[in-house]
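Visitor: Given only the sequences and the hints, what does the whole structure look like? Please build it.
Chains as they are written, first to last, in our numbering: chain Y, 4 to 98; chain W, 4 to 98; chain F, 4 to 98; chain G, 238 to 563; chain V, 238 to 563; chain Z, 238 to 563.
Among the chain G residues that face chain Z by a calculated CB cut under 10 Å, a handful are:
| id | residue |
| --- | --- |
| 1 | Thr278 |
| 2 | Ala286 |
| 3 | Gly413 |
For the record, the hints were derived by calculation from the structure and aren't laboratory data.
Being a predicted model, the structure only gives us computed values, none of them experimental.
Idealized CB from N, CA, C, for every residue including glycine.
Each chain, written out:
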Amino acid sequence: MKLVTIVCEAILEDRVVELLREVGTNGHTAFPVHGSGNQGNRSADISEMANVQIQVVVKPAIAESLLNRLQSELFAAFAMVAYESDVRVLRPDKF
Amino acid sequence: MKLVTIVCEAILEDRVVELLREVGTNGHTAFPVHGSGNQGNRSADISEMANVQIQVVVKPAIAESLLNRLQSELFAAFAMVAYESDVRVLRPDKF
Amino acid sequence: MKLVTIVCEAILEDRVVELLREVGTNGHTAFPVHGSGNQGNRSADISEMANVQIQVVVKPAIAESLLNRLQSELFAAFAMVAYESDVRVLRPDKF
Amino acid sequence: MDFVTAIQSNLLSPAVLFFVLGVFAAVSKSDLKFPEALYSTLTIYLLTAIGFKGGVAINEAGISTVWLPALAAMTLGAIIPLWAYPCLRKLGRFSIADAGAIAAHYGSVSAVTFIAATNFLKSIDQPYESYASAFLAVMESPAIIIGVMLGKGALGGKFSFSDPGVRHALRDAVLGKGVLLLIGAMIIGSLCGKRGMASVEGFFVTPFQGVLALFLLEMGMVAGRRLGDLKKVGFFLLLFGITAPVLHGSAGVILGHWVGLSIGGATLLGVLAGSASYIAAPAAVRLSLPEANPTYSLTAALAITFPFNITVGIPLFFELAKYLNA
Amino acid sequence: MDFVTAIQSNLLSPAVLFFVLGVFAAVSKSDLKFPEALYSTLTIYLLTAIGFKGGVAINEAGISTVWLPALAAMTLGAIIPLWAYPCLRKLGRFSIADAGAIAAHYGSVSAVTFIAATNFLKSIDQPYESYASAFLAVMESPAIIIGVMLGKGALGGKFSFSDPGVRHALRDAVLGKGVLLLIGAMIIGSLCGKRGMASVEGFFVTPFQGVLALFLLEMGMVAGRRLGDLKKVGFFLLLFGITAPVLHGSAGVILGHWVGLSIGGATLLGVLAGSASYIAAPAAVRLSLPEANPTYSLTAALAITFPFNITVGIPLFFELAKYLNA
Amino acid sequence: MDFVTAIQSNLLSPAVLFFVLGVFAAVSKSDLKFPEALYSTLTIYLLTAIGFKGGVAINEAGISTVWLPALAAMTLGAIIPLWAYPCLRKLGRFSIADAGAIAAHYGSVSAVTFIAATNFLKSIDQPYESYASAFLAVMESPAIIIGVMLGKGALGGKFSFSDPGVRHALRDAVLGKGVLLLIGAMIIGSLCGKRGMASVEGFFVTPFQGVLALFLLEMGMVAGRRLGDLKKVGFFLLLFGITAPVLHGSAGVILGHWVGLSIGGATLLGVLAGSASYIAAPAAVRLSLPEANPTYSLTAALAITFPFNITVGIPLFFELAKYLNA
Ligand SMILES: Nc1ncnc2c1ncn2[C@@H]1O[C@H](COP(=O)(O)O)[C@@H](O)[C@H]1O
Ligand SMILES: Nc1ncnc2c1ncn2[C@@H]1O[C@H](COP(=O)(O)O)[C@@H](O)[C@H]1O
Ligand SMILES: Nc1ncnc2c1ncn2[C@@H]1O[C@H](COP(=O)(O)O)[C@@H](O)[C@H]1O
Ligand code: NA
Ligand code: NA
Ligand code: NA
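Guide: Shown next, in the form of C-alpha cells:
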C-alpha cells in the first residue's frame, strides 16, 4: 500500500479532497501546517495564507493516478509538494 | 526501526497511549487531525468529535505486537486506521 | 529522495530551520505536536513547553549531513527524535 | 395567546437566531468554521461562568435551601434512563448497547440548553433561583453511569466495572472537565460570595449572553451537519427525540414545583430534565459502549432534541410552570 | 489646520498605534505570534458584531431608508474593477490574470478598514448611519466576480463558469464566511432590534474597540511581513496602491453625499470604496486565477493601501465629506 | 491579626481559588485541557492590558516621576542573580549551568504574579502607582542576560557572545514577545493617554480581573503537573524556592519604600523582586544553557515560588510595606 502526502496551500484543501474522491480513495487525513519553499515562508497565523498537509493511504495504482493528476492540474499554479512512500496497513481490504 | 502511525477518534488517545506503554514503547508523538473515512467526515471543530494522529518509532517486534493488539482490541469498534513503515533513526538504542 | 522527520522542543524550531538552510535544503514543513519520551510528557497547552515536528524532503546526501549535524550539535542537550525514510517525490528537481 | 408570545419572544432572541444561522451555514456548506480552540474556550467560559454565578447564589441562599431540590434533580436524572431503556428496547427495537447509550444521553443534561433557558427567563424578567446551576452539576453523571451499565447488559447480569473502557468512561463522567469546571467554579463562587463576584463580574456576567449567542452559532453548525443523518435514525427515534423532552421536561417542572421552586426554578429543572447531553455523554458512551452506534444517540440529542428545546421546549416548560403555580 | 488635527487624532488612537506595533514586531523579527485560532476568532467576532449592530440600525431606520444607498454602494463596487482593469493592463502592463486579480481586490472591501473608520468617527463624536455596515456586506462580492471574469479573459471571450476553480471561487465569494456572518448577523440584528441588543451589548459593543486594537496588532504583523515584497511589486503598483484608494474613496464620498448620507455615512462609503480586500478576494482569486501572482495583489492591498487608509485615508475622506456638506 | 486577614482575603479571591482548582485538575488527572491558542491569547491579552494601563499612568504621572524607581527596579533585577549564583553553587552544590539558570529565573520576574498583586491591592482598596508595570517591563531581561553569562562560565572567563544558542536567547530575552508587548503597549498607552483609555476600557479593564482568574486556572494545571517533580529537585531547592522570594521580595519592598513609592507601589516592587520567571527565562535559558536541567529551575519557579507568592507572598510584602510606612 502507498501513503501519499500532499503539502499545499490551505485554500486548496477542498479541491484536493475532491480530486482524491475522483481517483477513488475512500478516506483521508489532514491537518494545518506551516512551512517554507520556493513560494516563500507560509506562516500559520492566518488560515487562508497557511498550508495544509493531506495524507492518504491508497493502492499503488491509485497513488499513481493521484500523483499524475496533481501534477497536471495543480502543480504548475500552486505552492505544493507531494510524495509517496510504502506502508504496510492493518485491514488492507479497507483501502 | 518501524514507524507506526495510528489515526483514530480523539477520545481514544489516552487508551492508545496506555496500550503503547503496555507493549513496551517509551515515547510517542501525537497531534490533532481531521479527515474522512468509512465512518464519515470527522471535522476538527469539536475535539471530542475529531481525530488524533499518533506516531511511534519502535523496534519491528514491538510494532508487530502493537498492530496485533490494535487489531484485536480497538479496530472493530472504533473509527481508526493504522500503518507501519521503515525508518532509519538517529540513536537507535533509544527506542 | 529522503524524508527527514525531526520531533523536538518547540523553542528549537528556529534553530533547526537555520540548520536546514545551512545544509542546503530549500523548504520544510512544520506543525505543533505533543508527546512523551525520555524527557517526560510534553503536553501542548503552552507552546514554549510543547514540541514541534519538522519534516523535510531532501536528497540522500543532504539527509546524511543533516542527521550528522543534528547528532553533533543538538541531540545531547535537547529532547529530540529524528528519523529518515524513503519517499518518491513529484518534481524531484525541486529538492 | 400567552404560549405563542413566549415562543415568539424566545425565537427572536439573538441566541436562537444565531443557532439558526449556524444551521444555515452547515446546510449551505459555507466555509465558515470555528477553530477547535474557540469551541473549547467558549465551553470553558460558559461552564465556569455559570458555575461561579451558581456558587455565589448558593452562598446567598445557604446550602440548606439548595440540597433538597438538588437531590430531587439528581434522582430524576438517574431515573430517566431506567424507563427510557426498556422503552427504547421494546418499542424502538434497539440493541442493548444502543438503548443504553440513548438512555444515558437523555438522562444526562445539556449545559447550553440550560444557559439558553436562563437567558430566556432573564429576557422576560422572570426571576429564578440562581443556584439552579447546582442541579445542572449534579444531573450530568448519574444518568451516564446508569445508561452505560444498562448498555453493557447489567439487566442480563453482564456488566463489570473492570472493563477498561468502562473504567475510563466512568472516571471521565465523574471527574470529566464539565463536572470539574461546574462544581469547581461553584465551590469557588460560594467561597468568594458577592465580594468575589464584584471583581470578576465584567468577565463572567457582562459579556455572558453575547458569548452564548456566539456559541450557539457553532452549535447550529454542528447540529446542521447532523441533519443529513436524520433519515438514517428511523421514525421511532425522531418521535422519541421530541416526545422524550416533553415528557422528561414536564416531569422536571412538576417535581420542581413540588419541592417548592419558583416558576423560574421549576422551568429550569424542566429544561434540564428535558435536555439531552451531547458532549459528556457521547464521549463517555463512545469509550464504554463502542458497539453502540453514535449516529443514533448524537443525531437524536443534537439534531432533534437540542433544537426542539431551545426553540419550543423552553417556553413550553415555562408555561407549564406558570400553569402549575396559578 | 483641520485635516492635520484629524490625522493626528487618528494616528494617536490605540487601533493605529497597535498596528504600528505589529509592523515593528514583524520587521524586528520578534517571536510574537498570534495563534491561528485567535485570528479566526477575532474575525468572527468583528464581523458578527458589526453585522449585528448594523441590523439593529436597519430595524430602527427601516429598509426603505437603506436600500438606495446600499444599491449605490454595490454598483460602485462593481464598477471599480471595470476601470481599474484597463488601467492596470495599459499603464501597469500587467498580464490579464494579474490585472483582473488586482482589480478584484480593489473593488472589493476591507471590513477592518471600515471598522477602524467607525471607531475614528466615534472618537471624534461624529454621528453616522449605523446601518452603513450593510454597504460593507453588499460590496464584498460583486467586484470579486467581475475581477475574476476579467482576469479569466472575459474581454477576449475566454471566460466560462464551468471551470472548477471559478465555481469554487465564486461560490466562496457569494456564500463565503465573511458575507455569511455579516449578512446573517445583520438579519438577526434587524429581527431582534433594540431588545436583543440590550441583552448582548456587553459582548458585541462594550469590548469592541479594544478587540479591534488587538486585531490591528496582528494585522500589523501580517502587513509588516509583506514589507519585504514592496520592492518586488514595482513602482507602478506602489503608486496605484496610494492613488486608487484616494480616487475610489473620493468617488465613494461623493456618491454617498449625493444619495443623501450624512457626513459620517459618506465618510464610511468613501472608506469602503477606497479600501482593498485582503482576505475574501485573495482566497477567491487564488482559486480561480491561480496564474495571477498573489504577491502583486496582496502586497498592494495589505502593505500599501491598508496602512495608507487606516492612517491617512480615513481622516482624508472625512475632510472631503465635511467639505462637500459645507 | 492584620496579616492573617490579608492572607485570608487573598486566599478567598477568585484568582487564587481558580489556581487551586487548576492544581486539583492536574493532580486528579482530569481531562480538562486548555487549548494552546487560549493560553497564548490570555498571555497576549494580560501583557497588553497591563502595559497599556501602565502607559496611560505614565502619561499622567510624567516620565520624570517614573524613571528613578524604574532604574532602581532594573538594578535590583540585575543584582539578584549575582548573589543567587554563588549561593546556589556553594550551598546548593549545583553545576555552573544549573546555578546560572536558576539565578536567571529568580532575577527575572513573573508578570502573572504582578497582575495578581495588583488585583489584591484593588480588592482591598489599596492605591498604588499604576505605572508600576514599567518596573515589570524593565526587570524581565537584565537578570536573564546576567544569569546566562554566569551559567556559561563567565566567572571562569568562558563566556562568549558568539555562541549561536546565546545569541538566539539574548535576542529573545531583549526583543521577546513579553517585553515587546509590555513596552509596546506601554508606549501606546502613554501616547494615547486618558482619551485612548476611554475607548478601549471595555476590553482592557472591564473583564481584566476575570480573565486573570481563568488564566490562573491554567497556571494551576501547569504547576500541578510539576508537583511530581518536587521530589526530584532536592531539599535545598525547596528551601530556596521559599526563602528566595521572601528575601528578594523584602529587598524590593525596602527599595521601593526608599525611592519613595507608596505602600501599594512598594508592595508591587517587592512582588516583582520576589517572583521568578516561568516563561521568558525558561525559554531563553533552555536555548543558551541547554546543559542546565530545566526540571530544577522550572519546578522551583512554577511549583514552589509561584504558588507561594500568590498565596502568602503578596500579603506578606504588603504587610512589610505597611510596616515600613508606619
Ligand atoms: N523540501 C521540502 N520538504 C518539506 N516540505 C516542503 C519542502 N519544500 C516545500 N515544502 C512545503 O510545501 C509548501 C509549498 O512549497 P513551495 O511550492 O516550494 O513554496 C511549503 O510551504 C512547505 O510547507
Ligand atoms: N485511506 C485513508 N488514508 C488516510 N487516512 C484515512 C484513510 N481512511 C481513513 N482515514 C483516517 O482514519 C479516520 C477513521 O477512518 P474510518 O474508520 O474509515 O472512518 C478517518 O477519519 C481519517 O482521518
Ligand atoms: N519512540 C518515539 N516515537 C515517536 N516519537 C517519540 C518517541 N520518543 C520520543 N518521541 C518524541 O520526541 C520528543 C522528545 O523525546 P525525548 O528526547 O525522548 O524526551 C517526545 O516528546 C516525543 O514527542
Ligand atoms: Na435530561
Ligand atoms: Na474597494
Ligand atoms: Na525576581
